Amino acid sequence: MLLTLDLNDPRPLHEQVAGTIRRAVADGSYAPGDRLPPARDLADALGVNANTVLRALRELRDEGLLEFRRGRGVSVLSRPDARGALAEAVRELLAEADRYGYGPEEVIHIIRELS
Amino acid sequence: MTASASRPSTSAPPGGRASSRGAALTVAALWGALVTAVLVAVPLVLRDRLPEPVAVHWSGGSVPDRSMSFVGDLATGLALWGVAWAFLVGAALHGAALRARPTRVHWWGFLFGWAVFALGVQGSTLLANLDAGHWRRALLPGWTVLAVLGAAVAVGVLAGWLGRGEPDRAPERPEEAPRLRLRPGRRAVWVSRTSNPWLLALSAVALSAAAGAAVLTAVGALDGSAAWIPVVVAALTALLGLATATVQVRVDSDGLRIGFGPLARPAYRVPAAAIESARVERAVPGRVGGWGLRSLPGTGRVTLMLRGGEHLVVRRTTGGEFAVSTDDAERGAALLNAYAAESAALRS
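Sequence lines, in order, name chains C and X.
Start counting the first sequence at 1; every next residue gets the next number (my numbering).
Start counting the second sequence at 1001; every next residue gets the next number (my numbering).
Calculated directly from the structure, the hints in this document are not laboratory data.
Certain hints may be false.
Said to hold, decoys possible - Not the full set, but computed from the structure, chain C residues with beta-carbon under 10 Å of chain X:
#1 8
#2 30
#3 41
#4 49
#5 86
#6 88
#7 106
As the list claims (entries may be wrong) - Take a look, some chain C residues computed to stay more than 12 Å from chain X by CB distance:
#8 20
#9 64
#10 109
Quick caveat, the model's predicted, so the values are computed rather than measured.
Heads up, the beta-carbon is just placed ideally off N, CA and C, and yes, glycines get one too.
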């Protein structure tokens, strides 16, 4: 599972972790029924506390993205809907725009120009 | 010689695979019938000169210590050969045994080497009993054991070498694994965990055997200090099995990290600076020489084989290659390529 964290993202860490897992499921690395690596592996890899990852996983379960099953660990239940996947991509876009000094209003302006 | 005349020798015939399997099965059938005939006919011909029962086991080099009826000895000799032969024919019919070179070499080696072993065992038994009068007087010269083993190994190696066939075609190189774009201010990691369910199950069995034996020894049902030996052996087997049945493969800015066992410790690391490139390949146990940590001479590659399927293959800057069974290997290879390129750029 490929996970990325934005070091300048002001959001709480568990939201960011949930975001990167949501993106990994959205881009097809994990299909419904696939098992995720154990939470401890994810926490080690990201260098965050295991509880942070568990909180992110619980959020995703509440969204209906993941399911927890005894003996089988955490597996993917369904793909995120289009809106959820888009929201994650837009959040990334806004973060990138911020690095260049552009605010959301200016990004909206660029989108209007392009479409 | 014209180009058209030399063509048939350079391109394999379309039925090459199937016909080589057919040839192998024909040889196995004829050879099996011949060996079986010898194993039946020779003892029957010599029956009048053998004691009843015949000596079948010797201890201390040459003194007989166990006997068996003539028919029992005949059946044992046949079974020693027949079971192995049936297994080899079954493996050839299944097809996988002859497809890759390492298993093909073993197949041919066993077909002839084991036959020599079975014939040698029966032959030396008959030789010792011949004209002995009583099985207690059937002496077996010590060198015959070594001679039988040596001949079996020599014939097996020769047969394996003769039957090795053409080298395996290298799996076609996939186009360069895509390199992930690393973006500033982001930390990217990739992690995957792969297990061998059979090995996990075996370890669990060994662990419960160890626990059961430990309890029995502790309450005194099994007795003496010697009872602890199987406990320790089973426990060590279980721990070793657990440690090697599952691996965690991780790629981060430091490079590749392979953690063993459920705790992902201990770990083996390949720093990003020591990696030239990474890619994905499909591999099966028959092609790399089996399960576990495997290396075949001449390939320059070490494979940690847990199951057939996707493998992450890492090429070192020193030239060697390392492969490990892992799911989702393509993303891992892409990220590893990105980090390897980054570290190469930093050095130049």
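Hints, verified against the model:
1. For residue 8(C), the shortest C-beta to C-beta distance to chain X is roughly 5 Å, which falls under 10 Å, so the interface hint holds.
2. The interface hint given for residue 30(C) holds, since its Cβ lies 8 Å from the closest Cβ of chain X, which is under the 10 Å cut-off.
3. Satisfaction of the interface hint for residue 41(C) is found here, the shortest Cβ-Cβ separation to chain X being roughly 5 Å, below the 10 Å cut-off.
4. The interface hint given for residue 49(C) is violated, since its Cβ lies 15 Å from the closest Cβ of chain X, which is over the 10 Å cut-off.
5. The beta carbon of residue 86(C) comes no nearer than 19 Å to any beta carbon in chain X, farther than 10 Å, and the hint placing it at the interface is violated.
6. For residue 88(C), the interface hint is violated, the least distance from its beta-carbon to any beta-carbon of chain X being 14 Å, above 10 Å.
7. The beta carbon of residue 106(C) comes no nearer than 20 Å to any beta carbon in chain X, farther than 10 Å, and the hint placing it at the interface is violated.
8. With a closest Cβ-Cβ approach of about 9 Å to chain X, residue 20(C) is found to fall inside the 12 Å limit, against its non-interface label.
9. Under the 12 Å C-beta cut-off, the non-interface status given to residue 64(C) relative to chain X holds; the minimum distance is some 23 Å.
10. The Cβ of residue 109(C) sits about 23 Å from the closest Cβ of chain X, beyond the 12 Å cut-off, so the non-interface label holds.
When held up to the earlier numbered hints, the structure conflicts with 4, 5, 6, 7, 8 and fits the remainder.
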